[in-house]
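Student: Residue numbers (my numbering), protein chains in the order written: chain H, 5 to 193; chain S, 61 to 451; chain V, 234 to 400.
Please keep in mind that the hints were generated in silico from the structure rather than gathered at the bench. Where is the CB? At the ideal position from N, CA and C, for every residue including glycine. Do not rely on the hints blindly, as some may be mistaken.
Here are the simulated distance ranges between beta carbons [stated by the list, open to error]: (1) V:364 / S:88: 51 to 61 Å; (2) S:87 / H:145: 25 to 35 Å; (3) H:31 / S:288: 33 to 43 Å; (4) S:94 / V:264: 21 to 31 Å; (5) V:336 / H:31: 38 to 48 Å; (6) S:94 / V:336: 20 to 30 Å; (7) H:187 / S:375: 46 to 56 Å; (8) S:228 / V:261: 28 to 38 Å; (9) S:306 / H:151: 38 to 48 Å; (10) S:148 / V:281: 41 to 51 Å.
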Amino acid sequence: MHKELADLINKNVAGANAIAFIAADNKTDSSITVEASHLFKVVEFLKTNNVTSFNSLHVISGVDYVEYMEVCYMLTNYDPANIRDLILKVKITDRVNGHVDSIVKLFAAANFQEREVYDMFGIKFNNHPDLRRILCPDDWEGFPLRKDYIAQKVYNGMNVFPDDKMNMEDREFIVRQEMIKKAQETKAQ
Amino acid sequence: MQSRWDIGQPEKPTLNSDTEQLKSELLTLNMGPQHPATHGVLRIEIWTDSEIVAHAIPHLGYLHRSMEKHAENLDFRGVIPFVDRLDYLASMNMEWTYAMTIEKMLGTEVPRRAELLRILTGELQRIASHLMAFGTYALDLGAFSPFLYAFDYREKILRLFEEVSGARLLYNYIWIGGLWNDWTDEQLTRVGVFCDEMEEEAKKYHELVSMNRIFVERTANVGIMNIQDCLDFGASGPVLRGAGMKWDLRKNAPYSLYNEFDFDVPVGTGEVGQVGDCWNRYIVRMKEVGESIKIIRQVLEKLEPGPIMGKVPKVMKLPAGEVYVRAECPRGELAFHLVAKADEKTPYRLKVKSPCFTHTSMLPRVAPGQMIADFVATVGSIDIVLGEVDR
Amino acid sequence: MSTQVHHSSVKQYFASLANGISTTLKGMWITFRYVWAVKPVSIEYPEIREVLPERARMRLFNDTQNCISCTQCAMACPVDCIYIASEKLPEGTEIKKTSNGQSIRLKLNQFTIDTALCCYCGLCTTVCPTECLTHSHDYEFSAYTIDQMKYDYLAPDIVAWRDRIVK
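Start from the sequences, fold in the hints, and give me the full structure.
Tutor: This is the structure we're talking about:
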């Protein structure tokens, strides 16, 4: 199904460059990757034509593969006779100014989902009506779900990332640690 | 179709001429995060014109526990206690969906008894969750006693779960490949007795609340979400069914052993109010309780002794690739998007598609033009759990 | 609220009134029945305690006499709340056996569980090879400071509980 769909996209949206990834077995899912610059047109085509008619957007998920980032659009059709799920992907290589067209005009569901992807991965969505952080505070630094993310130490004067989860000031614990250290030292001698 | 939803320039509510003359400027009002009617720590910024909501902006993130980031550092079994905490009112369904996701990638075959018991626990959990929704919704609208009756019966389910899994709320019971513990025959008999009692009890709820004139006046024709809006926002579960669409993954794309079961998918018919309003969403939930009882009775007939744990490698390593697995949970379709890399013991990325997050994003669409009290009824009727919205 | 009721006739007006009164009375009758017909379901907690089910997962307890310091529990723990320190036994020491026959080759120096972090998921108890780490049925252990939530299972006062807690 994915191969035919990719051909259909290539035929109808010029320059979309849709590549179907067919999973080897049924343990994993197949997907279609398109050019980031043509995403809006591809989704518009998938939504409006009579052949595919994906009439609902389930979720937008981002994945950070370190070399590049991916935005996955889970499209689905609420048609009891012919249920189809599609994972539509775009690749983004620019980690600083990575951007892709917003599809809020096609699916209202994309509004919050795109905000979440922006919040977690720092991928900007062009023409989004209200691109703010959604889960993290507005003045939070960094994008948490990137693989190279290091949490900030201090936020609004609070220590939000302590060095050690365990409270080292616990007197008893320190005494015991010292005991162990002493025992190890004597053993080493 | 163009989306009407633009947060930058909200539409003015349609006001009749008298109120238009009195209108001066919009008042910003914060509902939450400690508002009892928001079912958790949801903050909604409302712009009101006297009593009428002009615009509502949900502010999320007060319960953000970075579960998706945590999952990237845990082994596949260790994620289950975290998955529990997503929708803490329907933990069994959360675990089940997560287990299905991993089992699909592993190619594990789950024994028949385990599958049946999963359906049993899942449906019991659905009843418990809907009872909670029923109780708190009545509480939102000012009726206190239904809340207590619902909790009484929810407690019986929790007691069963406690005996079988050891915990009351966050079970860690459905494991990858099967279940942790088996149900004893005595417990299964009690499930049967519970079903009989629950059926009687549900009738009482209908008499008490569903047809009550005050309740009907508060919910009928309030907060209408039509099918077009629902599809536009990707809504699912009772919200979509309340809008009149007969869509249930258990029926339309059966997973587990649901294709062996005989049950109906209740939809909002508009016998009171109109299709897609708060009352229809409410009645869909109440009817689903009856359908769940039907399924549980069939499970009890089909159960046979057998193993409850499939063959799972001790150190789990998934094939490289990704899966997207959906399942029908009490609040809608839950889905996990899991990306795994070969020879890694942890998920590379685990994305949760939460139904409540989707439904929360619908609030700005339905809010304009409503009274504040009606807006409270609307928020209650979509039955959100903030643990799942913020993750 | 927003439902606009238009009464086309006097008859409908009274029918609507009757409906409102009858449904409200019906609900009140159901509630009123609870005064005598239904037994109370709540219990007076500190005086009457519910018997917990066998599998109930309350505070963790480690029977350190049977612990072989394998650290499997610490590895299975999703929140890393178990701290174990052990060292090799000095040569020539008699090797003890656990109750299920495994030999204890390491000297346990520390076994601390931070119950403030613990999420009571039970994963650590399932991997324990000697079944020394168990969930006890003790659920009343509130403390004034978060440090008091940390339980060192080698401390003499906790070891003294052993006879009371080990089943």
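Student: Enumerate the violated hints, using their earlier numbering and listing them in ascending order.
Tutor: 6, 7, 10
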